[in-house]
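J.: Based on the hints, put chain A in the right spot on chain D.
Order-wise, the sequence lines are chains D and A.
With the numbering used here applied, the first sequence covers 1 to 399.
With the numbering used here applied, the second sequence covers 1 to 378.
Just so you know, these hints were derived from the structure itself, not from any lab.
All figures in this text were calculated on a predicted structure; none of them were measured in a lab.
Here a beta-carbon is modelled for each residue, glycine too, at the ideal position from N, C-alpha and C.
It cannot be assumed that every hint is accurate.
Unchecked claim - Output of the computed footprint for chain D on chain A, the stretches with three or more beta carbons under 8 Å from beta carbons of chain D:
{"hint": "1", "region": "5-11"}
{"hint": "2", "region": "63-70"}
{"hint": "3", "region": "260-271"}
{"hint": "4", "region": "292-304"}
As the list claims (entries may be wrong) - Label pairs and their calculated CB-CB ranges:
{"hint": "5", "chain 1": "D", "residue 1": "Gly124", "chain 2": "A", "residue 2": "Gln269", "range": "50 to 56 Å"}
{"hint": "6", "chain 1": "D", "residue 1": "Ile298", "chain 2": "A", "residue 2": "Pro32", "range": "44 to 50 Å"}
{"hint": "7", "chain 1": "D", "residue 1": "Glu185", "chain 2": "A", "residue 2": "Glu374", "range": "53 to 59 Å"}
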Amino acid sequence: MTDTIAADKAEALVTGKLDELLSGYDPSMEPQEFWGRQYDLGLAWVQYPEGFGGLGVSPKYQSIVQRRIEAAGAPTWNRQINLLGIGMGAGVISAHGTAEQMHKWLRPMFTTEDMWCQLFSEPGAGSDLANLSAKAVRDGDEWIVNGQKVWTTLAHIAKWGMLPVRTDPDVPKHKGITYFIVDMEADGVDVRPLYQITGEAEFNEVFFDDVRIPDEYRLDDVGAGWRVSMTTLMNERVAIGSRSLPRGSGSIKDAIRAWREYGHDDPALRDELTRLWAEWEALRLTVERANQMRKAGIPGPEGSTGKLAWADLNKAITAFSVELMGWDGTLYPGGYELHRPTEFEDAGSPQRNFLRARANSIEGGTSEIMRNILGERVLGLPGEPRVDKDLPWKEVPRG
Amino acid sequence: MGDTPRVTFALTEEQEMLRQTTRQFLADRVSPTVVRDLMETETGFDAALWQSGAELGWHSLAIPEEYGGAGYTFAELSVVLEEMGRALFPGPFLSTVVMAANAILIGGSDSQKKELLPGIAMGESVMTMALFEGSHGAVTDDIRMTAAQDGGDWVLDGVKKNVLFGHVAGTIVTAARTPNGLSLFLVPADAGGLSAEHVPTLDAIRKQATVTFAGVRLGPEALLGSEGTAGDVIDQVLRLASVALSLEQVGGAQWCLETSVEHGQTRFQFGRAIGSFQAIKHRLADMLVSVEHAKSTAYHAARIVDDATEMLVAAPLAKSVCSEAYLGAASDTIQILGGTGFTWEHDTHLYFKRAKSTSLMFGGVRHQRRLLAEALGL
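So here's chain D without its partners, still in its complex pose (with noise of 0.2 Å):
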């Protein structure tokens, strides 16, 4: 009875600041003005705590905000703009940082001032995340951090990277891994565009040369970074694989588009287009039941297959889409003319999509490392063979 109660206070307090927000809400206000509002009045993630964006309550109100919010036709869409940050880096901060670090940093994320960049792949570690050789070392109540990471999405305009980096070469590889939060406009670090496959560089290489990181900058122990990591991947996958979208939207859309914009009438394209829809609709469905089962409490192994799916059918989608444009599909629009997006562009003609699209059972974990993820610890399935497990890492061949 007392969690009856407790969840009308709730409800209660949650729609009180939301009617508190809205009716402040002028449509020729900066959206930036907005969500600060939103943020101050604990509605940007309501189950922090109240002074960081939350109201310390269940998660489940979220939804609530979310769609008042989207029915006044106030902005939300500082998620997307800052997908790392919003997506993983507040629940990365809130679970291993300070109340300073929580106070410095989720403010001016939740509203887009500050860009957010996430700072793991290096050349020679990308799955192999804990093989990273980037290092810092201390000094003082500094920190100093050499190395060079890759395909950094949106580094070139992130105020602040989320880092692991190697502090400790004499220990196995999991040990001795540190996580920072940098200052992206500190001296010594260089952003270099990488022009990717769709003309656009999303993507970056960065170099670091004796950058200083002050020791307040620090997320959890010295030693504890990869555990960190790991509460990042988490989110990052949760948020790649959970997205609720409407029925017949995202890429099947264009699909749709096309096959009727194209007058097919082709009874194998018909069974094709079909069997995509059907496996779209049934791959929706189920990220609508594990967020469900997740709201009520039972996570089961349909919150995890998510992000695997939704790389290999997006996909297969997408080279449809192009395919059912015939001809046509040959075209790009715009052409390969090399830019760097200033924001996390998830949409674009069929062919950049077709292209973008390719990276999808890369980025956020390969499929093939989903699928490792999901035999061994959803099926419970035996792991692969580790022959670097005990030792320092200085001593792993590597190349």
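T.: Then chain A, alone, in the frame of chain D:
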């Protein structure tokens, strides 16, 4: 097609309990040995087992209280169907409780419902539907069987194929053309001129018969509901039957997944459990994904059976997705188990045959996708 209606996927406490008691009963009473013994018989039917199921309430679950049922919904029945698929439950449950009962419920007159449904709910009646004459799923277009009026009587002539447990059923609901269109008739198994002949099947557990109507003479009361309205009733029943099969398929696919995973954990080659090899591990991860997707479509469909418009999408969606998932899972299970999976002794072949067989029933995967494309306006 707009956004899909939101359904609640989590089981209620009552549904969860139903699952547990059903699974326990099936584990106790319907072992693979029992299934195989019944498979060897021509009827594939065990009256005592049938009665025990009815006593557990399976038959009455989705029948309204006013007709002697328990008044629950298809969502409750779906729990039983999934468990039956997992255990390869033998007997005419689908044909009686899903098909005939719903044909009566949807198409029958009030007095017919009052007369016939309590018998089904109590486990006294064994029924089936004799619908198919062709074999590619376009049921109503294929029907050539006639019902001519003679005095006050109906005289039925024609041949029906793929009649589930047609040689076991006490009553056969069949479809024939009358001068006023397609109509359904209730035919007692002992009617003169009716012969039901068992035909061997790929899935030897689910029996089928060819039923011949040679001048079968029936009274006026044999007409189910009103003349000329059968087309829509048949379509609705087939959608429900497709969803029922989808749930069975989910149960079977889950058995395949668990069996393969267990083998991957316990079978050693090259000094390692084979489930540690990516070739096996990744196949199993993909199987997990497809089984989860199958569950989502089947559970969704089972919860919206009263939404006629949505069922046009949800039923063929579930049937096509679940058919592919089950067949894929069963095929992969044979591969993962290696030679063992190919033996008569191991149960996997029973699931594989069931998977292929159910994917073909009520129209195969491509037929389901044609229905789906039609509903989506593609």
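J.: Each hint: holds or not?
T.: Against the structure, the hints:
1. 5-11: holds (count 4)
2. 63-70: violated (count 0)
3. 260-271: holds (count 3)
4. 292-304: Three-residue rule met by the region 292-304 of chain A, so holds; n is 8.
5. Gly124(D) to Gln269(A): 50 to 56 Å: 32 Å, violated
6. Ile298(D) to Pro32(A): 44 to 50 Å: 30 Å, violated
7. Glu185(D) to Glu374(A): 53 to 59 Å: Taking Cβ atoms as reference, Glu185(D) and Glu374(A) lie about 58 Å apart, which means the hint holds.
Hints 2, 5 and 6 from the list above are not met by this structure, while the remaining hints are.
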